[in-house]
Structure formats: structure tokens, C-alpha cells
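Protein chains in written order, with this note's numbering: chain A, 1 to 354; chain B, 1 to 219; chain C, 1 to 801.
Each hint should be verified, as a subset may be incorrect.
The following label-pair restraints were derived from C-beta to C-beta distances [to be verified]: (1) B:Arg135 / C:Ala427: 17 to 23 Å; (2) A:Ala88 / C:Ser202: 55 to 61 Å; (3) C:Pro196 / A:Gly340: 45 to 51 Å.
Derived coverage of chain B by chain C (criterion: at least 3 residues anywhere in the stretch with Cβ under 8 Å from a Cβ of chain C; other residues may be distant) [as the list claims (entries may be wrong)]: (4) 4-17; (5) 22-35; (6) 95-105.
Bear in mind the hints are in silico, worked out from the structure with no lab data behind them. C-beta atoms are modelled at their ideal positions from N, C-alpha and C, and glycine is treated no differently.
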Amino acid sequence: MNVKSALTFLMMFAAPAWSQGFAGLGEDAEGFAIPQPEPSFSFPQDHGAHPDYRIEWWYLTANLTGDDGAEYGVQWTLFRSALRPDTAPAVWDGAQIFMGHAGLTTADTHFSAERFGRGSTGQAGVSAQPFAAWIDDWQMTSTATGAQDALSALDLRARGDAFSYDLALSATGPLVFHGQAGYSVKSADGQASYYYSQPFYEVEGVLSLPQGGVSVSGSAWLDREWSSQPLSPDQTGWDWVSLQFDSGDRLMGFALRSETGPVFTSATWIDPEGISTSYPDGALTLSPLETSQVAGREVPTRWRIELPARGLIIETTALNPNSWMETSFEYWEGPIRATGSHTGRGYLEMTGYD
Amino acid sequence: MLLSAQDVNKSFSTSEGDVVVLNDASLSLDRGQTLALTGESGSGKSTFLHLIAGLDRPSSGKISLNGQDLSQAKDRDLARMRREEIGLIFQQFNLIPSLTLAQNLAFQARLAGKQDEAWLDHLADTLGLSDLLGRYPEQLSGGQQQRVAIGRALAAKPGLILADEPTGNLDEENAQRVMELLLALVADSGAALLLVTHSTDLAKRLSRRLHLSHGRLAA
Amino acid sequence: MTSAALSALLGHWRKHPGQALALILGLAMATALWSGVQAINSEARASYDRAANVMGQNQIARLASHDGQPIALADFVTLRRAGYLVSPVIEGRIGNGPSAFRVVGIDPLTAPLEALPTPITDGRIAFGDLATSDGLLLMSPETATRVTTEGLPQIREIDEIANGIAITDIATAAELLGQENPSYLLVRSDQPQGLPPITDQSLLRYLEPELTSDISRLTDSFHLNLTAFGLLAFVVGLFIVHATIGLAFEQRRATFRTLRAIGLPLNRLVALLAGEMILVALLAGGMGIIIGYLIAAALLPSVAGSLRGLYGAQVSGELAFDPVWALSAMAIALLGAGFASAQALNRVRLMPILAPAQPRAWAMASARAQTIQTGLALVLFGLSAGLAIFGSSLITGFACLAALLIGAALALPVVGGAVLSGLGHLARSAMAQWALADTRQQLPGLSLALMALLLALAANIGVSTMVGSFRATFTGWLDQRLAAELYVNARNETEAALVLGFLEDHADAVLPYASADTRLGGLPAEIYGYSNNDIYRDNWPFLDALPNAWESVESGEAVLINEQLARRQGFSLGDELRLSAGWSLPISGIYSDYGNPSGQAIIGLDSFKARYPDVPILRFAVRVEGDSATALAAALSEATGLPPENAINQVEVKQLSLRIFEQTFLVTGALNVLTLGVAGFAMLTSMLTLTSMRLMQLAPVWALGQTRATLAWFELARIIGLAFFTFVLALPTGLGLAWILLSIVNVEAFGWKLPMLVFPMEWLRLLGLAVLAALISAAWPALRLSRTPPNSLLKLFTNER
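The following block holds chain A by itself, in its conformation from the complex (with noise of 0.2 Å):
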């Protein structure tokens, strides 16, 4: 039996997940809040959890370079799924269910991590002020002092059976909204969530490994996420790819794959300042150029980017192609490295991969 996938039963809804998109997203809101376009942000509020939505992340890729000259990708995420739609204080009871993954990727090994806890006891959570998010001795803290927004800096650990983490993160750019101001559109058929980032980090640390530690530098990019039904019904999965270019620009993009309906992408350009450009369905294309044998599936792991907006043109390749994440529910998720008409690193996320 599949250890991980024994826990299966852990997707919080009873029937089976394909009728309901990858990993049941597409389930019905339900009496949960659905975006609204034209929000409005307030932090540090905004930065913590809003249990009147279901589904939420605080998702952290770093690309670090140890002092060994070897490159490694690490990843921290904090998931938080409500249960009902009520805040209720409670012991065992409450409605709030965090789950945590963890990644560290070197060039031939991936170690994954998940760890799961109820909101109400403590053993998870985030506050937003002071800002920590948690899961067991899983932390993303805010080392942020004064006037400066939480998420500036940040302390960043987390631990696996046979890695762990210890990273500082200072961010040197202000947060980025996608989508329009922050509500980025997932389909057709309007489905959307609140969506920011801060794409700015620089990041310092050790790495904890079985061969011993290693202490790396490099940067990072922090995803924030909620809604209460992100994707269509009929949407399989996604690829998701965070890309910092040597020049000093950023790209985010994605694109969500339908059983049904073509791919919708969606992307936004960030320059060095911090402005960003919001790119709707098309105008971003991702095509796969190979694929490899991950876990037993066919995964794409060579990737064309263009978005000819801006002129990219962009070939990247995985740092190591096994980077699957082995948690109840499975995806791939790795540093890349891009080269073509724009150079840089960045992450890979592949979902919906059967």
C-alpha cells in the first residue's frame, strides 16, 4: 500500500476528486465568499488567513545556491482548507484544516515533507500580526520590524524525516497584485481568486541535508492565494511558472488545463521597480518539449515560454526532473532554469499529471 496515498481520505470531500477539478477545487462555494473583481487590500490583515474563503496558501519557492557551487530549489507551503464555513472557536472542532509540503530539490536527489494539523488547537495557523505561519515546527515569521510590511523579511524553517531548512528572507520590491489589483480570473467561465506575490526576496540560510548542511544563498518568491472555488468543474490541473531573469525582470504565468475547453493562460510582467503588467488568456503560450517518466507518469519537463508582448521566448529546463512531490495528493514542483531570449531561474509547478 502506498503510504501516502493511504491518506488519500484526507481530501476533504467524500466522492471522488475528477468530477470536482484537481484535487476537488472545483467544488461547489457553498456558502463560502467567491471574489469579487475590484478588491481591496489591507495589510497586515490581508496577509493572514480569511476562513470565510475555503481554500488559501502562503507559498514560498526559493532558487539558492550552495557555498559547494551546487544550485538547489527549496519550497515551503502552508495550505489552509476550510471545512464549513464558520469561525466558531472550537478545540477539535473548528472548521479550519492546515496542510503543510515542503521541498528541497538538488540536482539528483528530491526530498518531499507534509505534515497536517487543526487550526483550533494551535498545532496550526497563521496570525497576521504578528505575522507567523505555522504547521508543527513548520514557520514562516515575520522578521519585520517597524512600518515595513510584514512579509519583508521573513524566517523561514521547516523539517522532513531526512532534510530541514533555516532561511532568512529580505525583500527588496514591494508586493505584486495579479490579475486585475489582485483578482486574477482562472477560466472562462469567470472563476477566480484573490492572487499577490512578492516576488522580491533575497534569501540567505543553511540547508540541512543527509550528506550535512550547506549554507546557500540565493532568491525567493512568495505566492498568496485564496478563494473559495478557484477552478471550473472541468479544469484538470495547472502549470504554474515563477521566473526571475537575470535582467532584474519577473514573470508569472500559468496555464489551466480543461478536459473540455482550450488552455487558459494567464500571465503578469514584473520590471525591476516592481511594476507589473497583467497578461489575459492567450497571451501567454506554454508548450511542452519533452517529457520525462516521473512517478510513473508522463511529465512534462522541458517547457517553451513565449510571451511575445514582451518578447520572450524562453526555453527552461528542470533542475532535476524527478522533482515530484510525494504527498497525498502528488505534483511536481521544482527550480528550473530558463534560457533563450531572457535568462534567469525560477520554479515549475505541474499538477493534474495522471
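Chains B and C: place on chain A using the hints.
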């Protein structure tokens, strides 16, 4: 009169109906007399003997032994009479398998309470059994067994000896010897002897003879 | 030809339906008892497996509070936030009496895989279902039928869940039990890298997996007991079959002779006879399965109750029909029939065609066989003694038992023959002499039945002696151990203070005590802190103690240990017991502790408090006038809010314990009676078996001048004498059995030894039963004998064989 049988009838019921074995049979016998009862196989001679011994009851008729009417007697009395007044010798299975020769010899006498050591010794001697006293019946030959049977029958000094084909299972030589001994000892003790046999030669050696045919007695 | 032969062979059974009945019934009963016991055992084993599988409790270490009270939720969160993978469980009891069940609330988000029940791991049940606001109770169908509590969450029936347990989400359990704090934490075996070992933390007590008792190990002896009984019954039943087959063979000898003489091939004859046996076995096996099932179904609730009470094992009280079991029962029937008929079939094979019938030869054993049997008996007695002295496991204990029993059974005919022969020399009258000589000759034919009777009687004596000793000792021991009238258990320190305050004013004496789990001598054990008092000094059930044992314990200078600990580690008075690193105390007393599977040590309460400062003192033994105990408990509840079930009257505890023991021995009692019945039946069939041969022995005596009635009385007397003789042999055998059970088997199984007491009234009762069984078995044959028509007897004397 020691023994008197009058108009004795005996029939057995079988699956084919009643079979009449004895038909108004009568005889009488006194002390010191010897009587041979002859007839073919199945003619009912043994049956008559059994009735006289009190081992079975007649269908009708009267048998009296020593003045006692057997047909009126209870089982207990019949048994007592057999013990004390009759000596039985059968063709086979006379002896008690679990007792020694000596014990077998003395058994009836002891049962009847008339044990006489001297008489027993004499019997053992006469019958040529003195060396075999410790043996068990299964260790004895047919002839030896019959000799023990004779001794046992006489040990209690009964008035009547009933013998049913005692030499039937023996060879010629043994048969002769056994008969000699029997007749001698009977004469010695003064008892009456009723001998059932199908051998006319044997019958001739006794003083009287009766023939049973189709259930009827004739001289 | 075959069909003619077959009808000739089968005609025998038509003519002697009693024999056919004996054959089939004998085998059926043997199969029934054996398979009945098997059914009980395998049902129990299945229950243990379910319990072990589903909860996985055996393989998972735990963290618990030092005093067994719930853990603070904050402690759980602290450990998680330090990175340790621990998972909370909230556990408690719902309902009362037979409808009570245990609720186990797990946290599927953090629980180790082994702790999750199958329906969750294979996806049949989603977390969303479990965690719905009303919750879901997962329980076995049997538990579901027992539940009577109102207002429970929805129940989902799952076969794999052990009986008496409802598994649910921890939130549901918290709500149902009114308990927010976890009862304990499960600890995953591999923790993440880079953390200090979880055993280093001192917040909670770390319990190794073995501390949660291994049910199947504990219950082994119980099941071995049952199996031994089943085996005994089966063997006895086989005796019946063997006897009957032997008789049928003898009586059909003439038929065999005739069939072969007219040309039936030997192989065909043997095949037909074998086929006959197979048919009988199938028929008897089928009956045996049905009867066995009924017996098991009738006994199972008692067995389940005993196991639950004695070991906390959850055994289903309902018997599932298992086709594999039925097949194995049939196989046993076939095997048994084959075994019992092998000798007869072999004789048919070797018999010369024209061999005359020799019924006496069959009935009489040769001198050589007697010698072999004697030798074998002596060897077995020696083996039994050897195993008693040198054996050291449960299996050798039972083997010692078996050797004793079989040795006694083999010795019976030999001893019997010697006794009869001796008596024969003393006999005065002709009839007495004859009766003894004749019995001696009859003995081999009856010996199988008498052996069966011997075994049944010895088993009866042995087990009833053991049970009686148990009951007498246990009652006395309980009185000593539970010397106080009331036992109070507070739920937390605040309540404890209230309770103590109240009791000090209202009771004669309040004796606090506490305990902690630890390891002594490398094995899991408990350590208790007792405050001293006269009741302990005067009543404590010491097996061995130094003078002033309790005083030295109170002053912290010595320790008391229980019998189990002393036995297992080989401790004696004065030895030093290492209680923890750097702390040893000399042993000043060893006490009996029946019913406890683990080791136990007692130190003074002050020493305990010094060594285990974190353990709150929540338990009190209360002395008060006997009849005011209930009133005091009620007043205490009233005044302090202590739940009524936390103040237990000593009388209740004793009643409960005794009830459990009674229930256990109910089962063995039932099996005892059944086995005796089988033995009685064996005797009856043997008597009937020999009846036709008796005629040959009796006819000469009848002819010489005894009534049939007199001979019939002699038959009865003979049998009663034999039964009496068998009883006389069974008595020392049974007492030896009891001794082995108490001193070896029980010690191996439980670790404590009960003194052996004797109950002569019980022996008299059993003697009466044995004689009664003999009378019943001989009555009908004797009656038939007294009514035998003279014709049947007379036929023997003429040339009709």
C-alpha cells in the same frame, strides 16, 4: 422313581410358524439305571434333555425329578435342583474358561456346598487329570476337557447324570476312553444316567434305549 | 458381486442398529467436542487479530501523563511545535453494563498509519465524513447491536473493528466524553531528522509498545486449556469407535470368511469396509459439525465474558460459521475413523480365509502386549516427572499433564489385573472366585472404556481441585488486598484536595497512594507509593517477608515486590532491586498478586513523592465502618462533585472479580460434564459390545445351577466394582493433574502460584457419578441377560457356532 416325564410337548415358534419338536413324549428313570436316547439330528433329543434339566420349560406335560414337579418350580428352584441333584455334560463348552482345571472340577460341588476333597481327588485320579490340575481349559485337548466335565458332573454326587452327545466332538480312541470312564464312574456312584446320542453302538452299551422320531418316543 | 457383498456387510448394521448408533454417535460426539473447542479458539483468535490490526496499539509507543490522567492540550501542541510527530487520542467509556463501549477518538491528520482503521486507510471513509459537525462512530455490527445510549452520532458499521470499541474523530470523542484533553499521545516510530530523542523530554512519560499488553500471549494458557479438553474428549470418543469397530469385526468374521470363500477378492473386501468407514465418518462428521457448532455457540458468550474480565480481551460473543473450520472438523472425523479402524482393517487383510472365530482371543490381550503396555506406562510416568522438574514453558507443562494422563490410562488394565488376581487368592466362595477370575479375563475388553472413564474422572478431579483452590485462595486474597472499605479516585489535584479534606473529617483513615509506570529488571512494571497503616501491616498477603517489612518500606529503606516480579527475575528477600539509575532498595517482602500480568513494586509514599514529584496523588484508600461505606461515598460525591463511579466500594470490586472467575470456570465445568458423558457413553457401548461374548462365559455357570437373574446381579456388581477401582486410580491421577496445573501450568501462564487445597466431598460426589455412570451403562445389558431366552444359551452347548 427318580425321574418321570409324562406327555411332554415342546414347540418353538419360528418365522414359518410353530415347529413341534416333542409330541407327547414320556419316560421314566430310576437310580442306577442307564437310558440311551437316540434319534437323528434335529429330532429333539437334546431338547428333551434340556427340559429334564430344567434349562427350558415344556409347552405342556409334566416332568418330575425326585418328586418335584419341574413345571411348577420357579427359576430359583430349578437352579437349585440343577446344582444339587443333576450333573450335566454337554458336547462342548462345558468348562468355565477363566478357572483352572482344579477349580472347574470342584466348581459345581462348591456351588452346591457339597465339596468332598477325597471324592475330588479320587475323581481326578480316576480320570487321569492329576497332573493337569493347574491348567486352563484352553490348554487342554478335547478329550481332556470332556474328562474334566465328567468329573465336575459327578463331583457333587448328584442322583441324575444328563449327558448330551458327550463324545460327539472326539475322535474314536478318545470317545471310547471317555465312555468307559463315564459308565464306570456312574456305576460307581449309583447315579442314574440319561445319555443322548445318535450312535446306536453307544446306545447298546446302556441298559435301556428309547428312540425319538418326529417328536415321538418309541422303544 | 460387489452389491451382494455390500448388502451382506451392511446387513450386520441392520441387525444390530445399536452398534451402528454407537459407532456414529461416538465419532460424532468426539468430533463435536473437538471442533466445538476449535471454533471457540479460532473465534477468539480472530477477535484478537481484529483488535491488534485495527488499533495497531501494540506496535505504537505512547506518551502519557505520569498519573494516567489526561494530558494538557498545550503539551501536545508544544511537542508538535518542537517538531515531534505525536498524535492525540481521546478515549473513554460510554454507557453502562453490557451496553457499554469504549470510544477511541483519533486524529487522522496526525495519527501514525498503523493506528488508522482499515476503512480510513483504504479510502472508504473520508475525513470529511468523520469530521462532519455531528461526527461518525465506526464500530463492528456486534457492538452496534449492544449500544443503547441515546443521542449518539451516526453509527457506521465496519466489520474489521474490534468489538466493544467505537472509533471516531477526536473532536467527536471530545464532545461525547466531555473531555478536551487527550488521554495520551501516540508516538510515531520514526521521528524527523535532527531532533533530540523523544524519550529525552520529561514533560510526559514515554511508554514502550510492549507495555500495552499482548493479548494473545496472555490468553494462550486459556486457549491451551480449552484445546486440551477438546483433545481429551476426542481421544475418549475414539475409544468408543475403536471398541465398536472391533466388535463389528468379530461378529462379522463368519461373513468375511464366507464372502472370501465364495470368491470376493480381498482387496475388494477391504475397500468395501474402508468405504463403509468413510461413510460413517462423513455422517458422523456432519453431525459432529452441527453439534460442535451448537456447543461452541452456547459456550462462547461465557468464554468471551471470562476473557474480557480476565485480560480485557475483546472476544466476539457471536459465532461466525467458518467453512474452513467445518472442513477441518470433517477431516478430523475421517482421520479419527481411519485411526480407529486401522487395526481392524489390517486384521481383515491378514486373516486366513478359513480362520475360525475366536472371540476370546480378541478379548484377551497376550502377555507380551501387557508387558509392552506396562513398560510404556512407566516410561510416560518418568517423562511426566522429568518434564515437571525440568520443563519451563507452557507447552512442557501441558505435555507433562498429557504424559501423566496417558500413563495412568495405560497402567489401568495392568494394575486392574494384578488387583483382581490378588483378590482371587482371597476368594472363599465358588461364585466369588469365578466372578473375580472372569472379570480378570473380561478386563482387556473393557479396558478401553475404563481408560476413558479414568481420563474423564481424573480430568474432573484435577480441574475441580484447581478451580476450588483458586476460588478459596482468591476470595481470601481479595479480603487481604482490598482491606480498606472504599477506594476513591479523584480526577485532578483540585478535586483530590477537596476529597481529602472531606474524607479526613468523615472517615476513620484516609490512605493516599499513587503509581507510575516504569521498568524493573528490564521488563515493564508498575511502582506504587503507599502510606503505611495497620490494615496493610495486618492484612497484606505476604508470601514471604522480613520482620517489620512495612516499617522499613515506609521509612524508605526497603521495597516490596509482587510474586510475578520475584518469580520472573529470580528475586528473593534481601536482594537489591534497582528501581532506577542510582537508586536501589533491598526487598523486604514478596506478596501474592493474582490476576496481574506485570511486575509490581511498593515503596513508601514519601519516597514516591520525592522520586516522582510530577505525579499527582489522586487515589485514596478509605477506612470507614463497613456499612457506612456506601453512605460515605454518596456524601463525598455530593460534597465534592466527585462522580459516583470514582468512589468504589470494596464489596463491589470483590463481587466483580469473583464473577469473572466464576464465568471462566463455568466453561471448564461444562466441558468437564460433557467429557464425562462421553466416557459414560464409551462404557455403555463397551458393555453392549461384550454382551454376546458374555453369554459364552455365563452359559456354563447358568447350566451348572445359577439363575439368569443371579448372573445379571453379578454383572452389575462387577461393573460397579470396576468403576470403583477406576475411581481409586483416577483420584491420585487427578490430584497429580491438579498439582501440575497449579504449580507448573499456572505459574508459567500467569507467574503466580496458588496453594493446592483438597475437597473430599467433591471426590465422593464424583465417585457417586462414576458408579451411576457404570450402573446406567450396565443396567440394560444386565436386564437383557436376565431375560435371555434359554434357547440362546443352549445353542452354545450344541454344535452351533
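Going through the hints against the structure:
1. For Arg135 (chain B) paired with Ala427 (chain C), a C-beta distance near 20 Å keeps the hint of 17 to 23 Å intact.
2. Between Ala88 (chain A) and Ser202 (chain C) the Cβ separation comes to about 36 Å, which falls outside the hinted range of 55 to 61 Å.
3. Look at Pro196 (chain C) against Gly340 (chain A): about 49 Å separates their beta carbons, and that is inside 45 to 51 Å.
4. With a threshold of 8 Å between beta carbons, the proposed coverage of the region 4-17 of chain B by chain C is violated, since 1 of its residues qualify and at least three are required.
5. Counting residues of the region 22-35 of chain B whose beta carbon lies closer than 8 Å to any beta carbon of chain C gives 0, which falls below the threshold of three, so the coverage claim is violated.
6. With a threshold of 8 Å between beta carbons, the proposed coverage of the region 95-105 of chain B by chain C holds, since 6 of its residues qualify and at least three are required.
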